[in-house]
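Put together the whole structure using the sequences plus the hints.
There are 2 protein chains.
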Amino acid sequence: MESLNEKHLPKAIDLSHHLSELSKSRQPSPLKRLARYWGQPGLISLAGGMPAPDYFPVSVLSADTLVKDSFALVPTEKSSSPVSWFWKLFGSGGSTKKERTEHISVPKYASSPEDVNLAIALQYGTAQGLVPLQKFMKEFSSKVYQPAYENFAVLVHAGNTDAWFKAVSTLCNPGEQFLVEEWTYPSAMATARPLGMSPAAIKIDGEGMRSDDLRKVLSEWDEKERGAKRPHVMYTVPVGQNPTGATMGSTRKKEIYDICVEYDIIIVEDDPYYFLQFGKYMPKSERVYNTPRATKDVDEEAAYVASLAPSYLKFDYQGRVIRLDTFSKTVAPGSRLGWFTCNEVFAERLERQGESSTQAPCGFGQAIITQLLTKQWGYAGYVRWLRGLGTEYTMRRDFFVDSLYEEFHMTRTVATQGAWAGSTAYIARPRPEDVKALTGRDYADEKHAFGEKPLFSLVPPSSGMFVWLKIEFENHPSFTSPEDRAELELKLWTALAEANVLVGPGWFFAAADEVQKEAEGHLRIAFSGNSFEDMKQATKIMRKVFVEFFRPT
Amino acid sequence: MESLNEKHLPKAIDLSHHLSELSKSRQPSPLKRLARYWGQPGLISLAGGMPAPDYFPVSVLSADTLVKDSFALVPTEKSSSPVSWFWKLFGSGGSTKKERTEHISVPKYASSPEDVNLAIALQYGTAQGLVPLQKFMKEFSSKVYQPAYENFAVLVHAGNTDAWFKAVSTLCNPGEQFLVEEWTYPSAMATARPLGMSPAAIKIDGEGMRSDDLRKVLSEWDEKERGAKRPHVMYTVPVGQNPTGATMGSTRKKEIYDICVEYDIIIVEDDPYYFLQFGKYMPKSERVYNTPRATKDVDEEAAYVASLAPSYLKFDYQGRVIRLDTFSKTVAPGSRLGWFTCNEVFAERLERQGESSTQAPCGFGQAIITQLLTKQWGYAGYVRWLRGLGTEYTMRRDFFVDSLYEEFHMTRTVATQGAWAGSTAYIARPRPEDVKALTGRDYADEKHAFGEKPLFSLVPPSSGMFVWLKIEFENHPSFTSPEDRAELELKLWTALAEANVLVGPGWFFAAADEVQKEAEGHLRIAFSGNSFEDMKQATKIMRKVFVEFFRPT
Chain D
1 MESLNEKHLP KAIDLSHHLS ELSKSRQPSP LKRLARYWGQ PGLISLAGGM PAPDYFPVSV
61 LSADTLVKDS FALVPTEKSS SPVSWFWKLF GSGGSTKKER TEHISVPKYA SSPEDVNLAI
121 ALQYGTAQGL VPLQKFMKEF SSKVYQPAYE NFAVLVHAGN TDAWFKAVST LCNPGEQFLV
181 EEWTYPSAMA TARPLGMSPA AIKIDGEGMR SDDLRKVLSE WDEKERGAKR PHVMYTVPVG
241 QNPTGATMGS TRKKEIYDIC VEYDIIIVED DPYYFLQFGK YMPKSERVYN TPRATKDVDE
301 EAAYVASLAP SYLKFDYQGR VIRLDTFSKT VAPGSRLGWF TCNEVFAERL ERQGESSTQA
361 PCGFGQAIIT QLLTKQWGYA GYVRWLRGLG TEYTMRRDFF VDSLYEEFHM TRTVATQGAW
421 AGSTAYIARP RPEDVKALTG RDYADEKHAF GEKPLFSLVP PSSGMFVWLK IEFENHPSFT
481 SPEDRAELEL KLWTALAEAN VLVGPGWFFA AADEVQKEAE GHLRIAFSGN SFEDMKQATK
541 IMRKVFVEFF RPT
Chain Y
1 MESLNEKHLP KAIDLSHHLS ELSKSRQPSP LKRLARYWGQ PGLISLAGGM PAPDYFPVSV
61 LSADTLVKDS FALVPTEKSS SPVSWFWKLF GSGGSTKKER TEHISVPKYA SSPEDVNLAI
121 ALQYGTAQGL VPLQKFMKEF SSKVYQPAYE NFAVLVHAGN TDAWFKAVST LCNPGEQFLV
181 EEWTYPSAMA TARPLGMSPA AIKIDGEGMR SDDLRKVLSE WDEKERGAKR PHVMYTVPVG
241 QNPTGATMGS TRKKEIYDIC VEYDIIIVED DPYYFLQFGK YMPKSERVYN TPRATKDVDE
301 EAAYVASLAP SYLKFDYQGR VIRLDTFSKT VAPGSRLGWF TCNEVFAERL ERQGESSTQA
361 PCGFGQAIIT QLLTKQWGYA GYVRWLRGLG TEYTMRRDFF VDSLYEEFHM TRTVATQGAW
421 AGSTAYIARP RPEDVKALTG RDYADEKHAF GEKPLFSLVP PSSGMFVWLK IEFENHPSFT
481 SPEDRAELEL KLWTALAEAN VLVGPGWFFA AADEVQKEAE GHLRIAFSGN SFEDMKQATK
541 IMRKVFVEFF RPT
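In order, the protein sequences belong to chains D and Y. Numbering-wise (the UniProt record's numbering), the first sequence opens with residue 1 and increments by one. Numbering-wise (the UniProt record's numbering), the second sequence opens with residue 1 and increments by one.
Wrong hints could be hidden among the right ones.
Since copy identity is lost for identical chains, a pair holds within one copy or between any two.
What the hints assert, rightly or not - In silico PhoX-like links for lysine-lysine, alpha-carbon gap of 25 Å or less:
#1 K540 <-> K24
#2 K78 <-> K517
#3 K78 <-> K138
#4 K78 <-> K453
#5 K32 <-> K491
#6 K453 <-> K138
#7 K135 <-> K32
#8 K375 <-> K224
#9 K254 <-> K138
#10 K203 <-> K544
#11 K98 <-> K284
Because the hints were derived from the structure by calculation, they are not lab data.
Shown next, in the form of structure tokens:
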């Protein structure tokens, strides 16, 4: 380990303080230890148990891939008529849309050794992944995330869940706590808890983790009361925050980074939704979709990258950020491929951990994705693909929130307190005709309790895949005390599921039990994968179920 | 956990005793907890963050795959002339051999929901893998390994290193020891050690792990002296034992299984080389390659399967075996795909662990391999492929040992003591002409020390990818005491590497430090991947280096 610190590393922090005992004890793989002889001219290596590539039954791997500009850069308004041509095009499963494709292929033996080939991609490889893929990742991280120090490293992993597993095992010892948004990605917690590492929840608002609460928690940390020493690791999803869909901007990130410097905290930035940034939701009547600036004086790729909320890497002058990127949302979840961007010390330890578990990610996936990214699309082509994809998700977000708008009586407000203080929140009440139908009373005139009281509220997501509804259970007729919320959440969730709409129950996303206990009750709804028709249908069912559920007895 | 034990499990053992604290604490993933609603007619799931398959940029994934009978069933003798046509055909890299291929493809949307399709394979999936692949694995394990109980489970993993990582974390707590062959696969030890789990070495002989030493170690276990309670887990490579190439037959396996019943030990059977079984090596002059029995009365597949050493599963009437299979040696190492065969309790816990780390294996790899196995080849076709592959490796083993025969003066003996007691071992001395050239003395007549004393000995492997040489360092001119061996091993290994032959140094494979200290000195040589020309050239270099190394000063 000592020798690693001699590399050109950020000097301000002693990174070895942040390595777990487990991580410190990992040795380089035997293959790595023979490295000094690799490349020796004429060397015959009989060292590793590598099958002859002639025995790989795949001679050529190929794919028909979508063209990089498959999706438009400017959103178009969707009709919500069930017979719209649009739904046919975007129907999930058995799509009838005519895709424009190109053919790519990876042969077993390439004519140039730098080209991707199956003899290498399907052979045992180092846990660093294919060389052309490493180069692409490095270029991409450099141009898009612009780390604040030069000698950062990239390292492949098998998706962000695998990456977080590796990161938390590398950084934390059993018994330690790590900082996390109070509502968060449940699999990340499920990964850490059995390792004996538990979350210390930080409050969130419309922009994600709150810097004031982070400082409060750290400065008031009481080892005895908390049952663990002050955390030195943070797990955070700063863009498309899961489940809330919040996007953290520059100012907040800089604030949090500075606190992490002050308290010597390593930031694990899990950022799968980074390229699904939509900006603020505007109701349909007020919405104007902008055309991108496309003049000969503007570099469109650079303008696009500049328009995105920055990564923590951009502020990371000390090398205390481990960024997790994945192809799960930008290529496909089944890719099980992504990469770390971090300092060289952490990258080396994470590589050691890869050697003794997953080894290199699957060669079939690496080969096809590398060929697509490096030969077919290139950096600019991939950025074009990401822009198109972001536009698609923008339309999805807008369509889904529009649909809620249509099914409920929505009002807009700037929240002044609670988790959404300062954000534009939307309050959903039953529509007048629903009140009339259920109670026989006129809603608009009388403002009676059922019509007036909100059913739920939301801050529409500015990125990601999810709408996070805060359910106003205190307006439920059987509500007597805050303890009722958990039961009511389960009841409402079950009523929806039995009416054929399956959503994420709020309690799944509580970082810790206390969070759920204090909570208002929530539902998380994905707008990422279904047909527009199904999304519309789901909001119609929600209308029916919600109104029935909250109906006075 | 309780509910699991209510399934039809072997009743004789309480499997929960064997689950680590870590494993016991893992919860089912949120996705799994929603399972009761999957399949509800008309259900609209907005629960998971699943991208629409329309956004996957791969429209069709395809491959040109080798035909199942690409390799012959009967070995043919290889000429060792460097201009042989054979080497051209089998040269690694830039092969000029004309491969017979077939085209397979996996579309994004399949016409039948049971067909493999990318909309599912590239989507988030459960850690159980693709359904058609699960079925294939189950059928394969059932027909080939014939577990002694009916309700065994299969579960995908990302290669055997990942599988062992998952198994040892599922079974062992930090501080525990597990049983292992004294010489073993180093990455398996590198995986377990940082988790705080250490090996308890069992002596081996020409058939692998010794049952008498296993009983001795277990019956004499002294918790205080050993620093850990008696092990309840065994890690073993029973076929193509790495590094020795031993194959364990039925009798020994039954003996060991019975001891494991007696001492309540879970057997993790890591068996990547299972289909590379060659039988005993016979020198070229005595060798006759048999043609397979191919009459209309004989089911060739069944006869082939019956000819293989059985898996521990065949004796596993109690469900205490976790078998690890991998496609690394039978398709390609880069597949990073394989499967567990074990009881349902362990399978459930291993699945939970998969959910919080690797999730499902890569969808690109799963899709292509599943299509190849289920649509193109089928069970019988895959067995035909495996038989052909086994024949290829038989020729490689024979060719490499023949080459040693040609470069050294070899004698055959049945060893009466040491690790090879009872096995047919080959003793290598320098060839008379080498002795004459180096010393000017006549070897055959005088039987002087240099000519008479062995340089190394070996039991040729009966399976796997490796030749394991025991180096007779006590015959080295500078040898004074057993402590010199480690240094001499490094010296010889370095001399070989600098002469352009890179092999595995013996110490890599010592399960524990004590093993290396007591050892004779070894080298492990892979015959799996190089061209026949390179293998021949390597033995020529070995001849030169060994003779020079042992030459009297």
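Now for the hints, and whether the structure bears them out:
In this assembly of identical chains, K540 and K24 lie within 25 Å of each other by CA distance neither inside one copy nor across copies; the values are 55 Å within and 42 Å between. For the homomeric pair K78 and K517, neither the shortest alpha-carbon distance inside one copy (40 Å) nor that between copies (74 Å) is at most 25 Å. Taking the shortest alpha-carbon separations for K78 and K138, neither the intra-copy value of 38 Å nor the inter-copy value of 47 Å comes in at or below 25 Å. Neither within a single protomer nor between protomers do K78 and K453 lie at most 25 Å apart by alpha-carbon distance, with minima of 31 Å and 87 Å respectively.
In this assembly of identical chains, the alpha carbons of K32 and K491 lie at most 25 Å apart only when taken from different copies (19 Å versus 56 Å within one copy). Taking identical chains as interchangeable, the C-alpha atoms of K453 and K138 are never at most 25 Å apart, the minima being 53 Å within one chain and 56 Å between chains. For the homomeric pair K135 and K32, the shortest alpha-carbon distance inside one copy (20 Å) is at most 25 Å, but the shortest distance between copies (37 Å) is not. Proximity of K375 and K224 under a CA criterion of 25 Å is satisfied in neither setting, with 56 Å inside one chain copy and 61 Å between copies.
Within a single copy, K254 and K138 get their C-alpha atoms as close as 23 Å, which meets the 25 Å cut-off; across copies the closest is 53 Å, which misses it. When the C-alpha separation of K203 and K544 is checked against a cutoff of 25 Å, the pair qualifies neither within a copy, at 33 Å, nor between copies, at 71 Å. Proximity of K98 to K284 under the C-alpha cut-off of 25 Å is found in neither arrangement, the shortest distances being 29 Å within a copy and 62 Å between copies.
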